[in-house]
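Asks: Chains H and U: place on chain E using the hints.
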Amino acid sequence: MNKNSSNTMALAPNTSNKRETVCIFGTGDFGRALGHKMIQSGYPVVYGSRSTQISNLIPKDAEVLGHAEAAQKAAIIIIAIQRQHYNFLTPLAEVLRGKVLVDISNNLKLNQYPESNAEHLAQLLPGSKVVKAFNTVSAWALQSGTLDASRQVFVCGDDVEAKQMVMNIVRALGLTPLDKGSLLAAQEIENYPLQLFPMWKFPIFLSLGLTAFFFFYCVVLDIIYTYIYENNNFSFFIAITIPNRVCPVMALILLALVYLPGIFAAIIQLYRGTKYRRFPDWLDKWMLCRKQLGLIALAFASLHAVFTLVTPLRAFASWRTGKGIISQVLNNKTEPLDHTNAWLSDSYLALGILGFFLFVLLGITSLPSVSNNVNWREFRFVQSKLGYLALIFCTAHTLVYGGKWFLSPSAYKWYLPNIYILSLIIPCAVLVVKFVLILPCIDKPLTQIRQGWERNPKYSK
Amino acid sequence: MNKNSSNTMALAPNTSNKRETVCIFGTGDFGRALGHKMIQSGYPVVYGSRSTQISNLIPKDAEVLGHAEAAQKAAIIIIAIQRQHYNFLTPLAEVLRGKVLVDISNNLKLNQYPESNAEHLAQLLPGSKVVKAFNTVSAWALQSGTLDASRQVFVCGDDVEAKQMVMNIVRALGLTPLDKGSLLAAQEIENYPLQLFPMWKFPIFLSLGLTAFFFFYCVVLDIIYTYIYENNNFSFFIAITIPNRVCPVMALILLALVYLPGIFAAIIQLYRGTKYRRFPDWLDKWMLCRKQLGLIALAFASLHAVFTLVTPLRAFASWRTGKGIISQVLNNKTEPLDHTNAWLSDSYLALGILGFFLFVLLGITSLPSVSNNVNWREFRFVQSKLGYLALIFCTAHTLVYGGKWFLSPSAYKWYLPNIYILSLIIPCAVLVVKFVLILPCIDKPLTQIRQGWERNPKYSK
Amino acid sequence: MNKNSSNTMALAPNTSNKRETVCIFGTGDFGRALGHKMIQSGYPVVYGSRSTQISNLIPKDAEVLGHAEAAQKAAIIIIAIQRQHYNFLTPLAEVLRGKVLVDISNNLKLNQYPESNAEHLAQLLPGSKVVKAFNTVSAWALQSGTLDASRQVFVCGDDVEAKQMVMNIVRALGLTPLDKGSLLAAQEIENYPLQLFPMWKFPIFLSLGLTAFFFFYCVVLDIIYTYIYENNNFSFFIAITIPNRVCPVMALILLALVYLPGIFAAIIQLYRGTKYRRFPDWLDKWMLCRKQLGLIALAFASLHAVFTLVTPLRAFASWRTGKGIISQVLNNKTEPLDHTNAWLSDSYLALGILGFFLFVLLGITSLPSVSNNVNWREFRFVQSKLGYLALIFCTAHTLVYGGKWFLSPSAYKWYLPNIYILSLIIPCAVLVVKFVLILPCIDKPLTQIRQGWERNPKYSK
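Protein chains in written order, with full-length UniProt numbering: chain E, 1 to 461; chain H, 1 to 461; chain U, 1 to 461.
One chain only, chain E, in its complex shape (with noise of 0.2 angstroms):
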């Protein structure tokens, strides 16, 4: 997919001398990276800086100017200099009238200023128009040409037609323009590539802390008291048995905690009889990643799956069937088939890969190509009627499959309960309570309230 690097640079010889001229202040390492792509791709570039030497480092084929006649040469500047030195660009200003500087700086921290560096740009010369661009791409990714990752520029600015001078270069670069309006959007463009996941890391934090804990619950229930109470050494599950039964849990628990804040939604609503007023701050966090705790949910899932059909190439697993097998032999009779065995062992199976087929389908359906692709009505009966059909089935494969331990007294060592009880919780609680909300008695105010209508508009007066 990397074509348009190649091409552009493919296009270079034969465009080198048609494109307008492009002017970079400050000859740092973004700024100069930028200089030989420029090059590369055919545009005259000029550098402003206050020692006019020619440095080894600036690309070659540059010109070497000082600020003011740099400035001159081109309609657009490009300033690759640290906001902190802005200030002696003022000097510069009745050059600068009219041309088209772009701002390229970051900050080291998420809202550093109090003022995006472009708009203090804008400020400091009114009479330029300011163009924010650039920022989002890596110097490194620039210089050695592999752009892998996104070849998105966001670009923002109060003027049409400097911004479309910006874009042009950003294409001609083999770059997609991405244009954010105004430039008031530049403070949210300098966060961009400060972020690091900042929707995941709840989601993350959150899973890893209940993977540890249930972990370390299994290894106490599972190993120690085996080793204690019936002495077998059974250290080795830690590499599969006990994943295994931890992801399951974790998938089930989660899963339900991506429905578990809309249930809250609903009897807030209900109970405040109308929609106009704020949740909980909260609530509101936790609809917000319900997504990226739905797609968590689905990573656990899958490990599940995986480490369940890898049981019968375990050592343990075939150890354990010759065992059964040797046993009835010498025994000297055969089994019959169990058929309770046969349709609970055939069911709890069967509903977990419906489960986990319709949770493959609402992760594929997140993909950002393919939910930009459907419209709010196609993406709520995926999300909300596959999904609630998704944890109907997962909830339904925990239950068959753990059924048995609930009530066998066998299972609460140490009276704690197995960590399928623990599971199951939170998804049938889930369950009930929409169960309850979509009743007609119920959905149909909530429906309403929705709707916009409110039972005591009168309430906040």
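No lab work stands behind these hints: they were computed from the structure.
Watch out, some of these pointers could steer you wrong.
Identical copies look the same in the list; a pair holds intra-copy or inter-copy alike.
Here are the simulated BS3-like cross-link-like pairs (lysine-lysine), alpha carbons at most 30 angstroms apart as the crow flies [to be verified]:
#1 Lys285 x Lys109
#2 Lys434 x Lys201
#3 Lys285 x Lys60
#4 Lys201 x Lys385
#5 Lys444 x Lys434
#6 Lys434 x Lys385
#7 Lys404 x Lys323
#8 Lys444 x Lys201
#9 Lys109 x Lys385
#10 Lys285 x Lys385
#11 Lys60 x Lys444
#12 Lys444 x Lys109
#13 Lys201 x Lys73
#14 Lys285 x Lys413
#15 Lys201 x Lys109
#16 Lys285 x Lys444
#17 Lys333 x Lys323
#18 Lys201 x Lys285
Replies: This is chains H and U only, laid out in the frame that chain E set:
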């Protein structure tokens, strides 16, 4: 991926006094939700309403005025009222002259009116610049900020500048505007949110019908027949055995149905000697839903793969394995490896794996973001060459697996053929005809026809 | 997802008399297909042709006139003739002055002419506004309406307004215009449809070569050697056993080859003490196809996973299991669980599962729509951190599984090492060198170099 919405919130405090005022006509649900969101994003909002009594439903920071006064305060007026009340805007024509009117209305049915609401509005107020936007976004999602689904907002309008202004608002709200061209696109945009998977309806109903038929067929032959003649109760086959017989059959038939219309099209073109006549309607529709048929086939194939892989985990399977080994032991003889059997078993598994692998590759290629990155030549290579290869592998997989049943009389319980035999009819027919079509003596005229050549150029005169 | 095309059809009757007339020069295949589609979308179409005799090939509702008369009827003229006949347009220069000329031509070879067809046209007719468009769409697809593949139409041109007009037509035809900037992009756009996976060629040929080599290597060692020295005919190993030996080896080697060029690059930069010199060409090319190598590695890993999971379904496997159990029975003793074996078996399975899981995660992240939604920091985190983790897991998986063969002399049939040993060379080398590179004493200068620092700033002077 929900970064934008969180950022937009973060932006609000800094930007609240820089945006231009927006006027909203109508204080219904969507008007209020949009107003809330705009105030959050820093826009001063003024509502135009019949009664200027301040209702607590309206966002606190918004002003409420009469229609004319409200309109004078803003360059952009969002018309959040229903089409049937548009007439009341005609007296305001003078106030609205030159203003940007944003039509956000939706209808209740597809193509409810001869012309779209936005075009109707433009006819009523020829002096205003009408832009269609926002109708594809859900009020509930705007309100709660949980824009999990598409952030795309389709925008269309005849005035480029007015469209730009509206697109800037869309971006400021954390959404992605998508320019759909002139106001003529409004009808399509108004129909969009009313659809529920229109291209999927026929393929899904077809699959459901066929699945039900084959399921019933298998229940009769595998459970009822066995119960009557062999007195064996295999009712638990319903959970896994029979689904795993129906799924591969469905996958194979649907995959063949993807390539069948292409075969028909080629035959029709060869017969007519021209490509410049429309295909019959049923063929046109069939061709348009090939992608959907293929994806449903892939779903069935995936289910088949998982159902097959869980086989060793079934209580029935381990009982059967045990029984086989024990009977060998009791007869006191070890069977040598049956090489023919080993070859057959390994080849149908290998063929199935390769076929499924190619099938999944086709599925990945049909993801919108992937297919947008390949050109036509590449797309046709994958979908046609690799697609036929997948069909060949899957057909061979079924032939090797089920081939032995063709001749065995026991396969014809109640004189009904085994479903493997039924499943092979269409794929084999497709492959045979395709083989004939790529013979040079037939392929050459077909290619000429597809390049625009006609056998009887004066034919239709 | 083919909603647009159906809607466009639905639109046609309502809009047929509102669109502006479009003129098409040339009545070849593509000209006719485009005309058909435009008439369907409501555009009045007039053809400019040498002979104004009405041919039945031309859409019924279109007018046919001489070139000059046809051009006068429309503001947009689509030039559906071949480049070599562009000269005949020069006499029409006066008529075409100020008109929008849409160049839709394609060449037969990449970079066939020094300048693109569209630029050539613009030079011939400097008074007209040339826009490149439509060349990436297939006539056959336009004709039949089955636009399954990319709906993207690349558009470029120097006149913004002319480009907007053409993009509106593109949208009206149910396609998505993509602005590629000025007319200089025309060469790239003309090359685009001629490519057949250019970035995939080297990785695919490399994989095919290596696969053939390893396949042959395994056939020799596992089938021929066994046949000669042990007189066992294991020819059926060709179907599953040997592919399942080759696939993991290929996956591991290709995954290591993804990270090897980064290692080379780091060493070269450390040696040179600067990042401002181009890498050797082979390294540049290698770095550009890392994504493709990784995806092919993922394909092999997936095949390996499925081949492994079907193992218990093989006739050979159940025969071997039975044989093992029966021999235990006949010896009248039950073997106790071998704990070392249980540990080994479970750990290599668990390592393989985790490695594969991370591998799939990397694959999903490289989907265009996903990678467009992550910033550079996130992309590098996933591809570098998670990628190396996947490599570590997969190497450990192979080491634990195949480790026992290193020392055993029976692994060296015909003095040839087992392929597990071969497969580990590159991954282990990559991991060892990478480990050295992240030692602080080496990582620090490397980071400095990548931030633009130079050891010998006057080096090249």
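Asks: Which of the numbered hints above does this structure break?
Replies: Violated hints (numbers, rising): 13, 14; every other hint is consistent with the structure.
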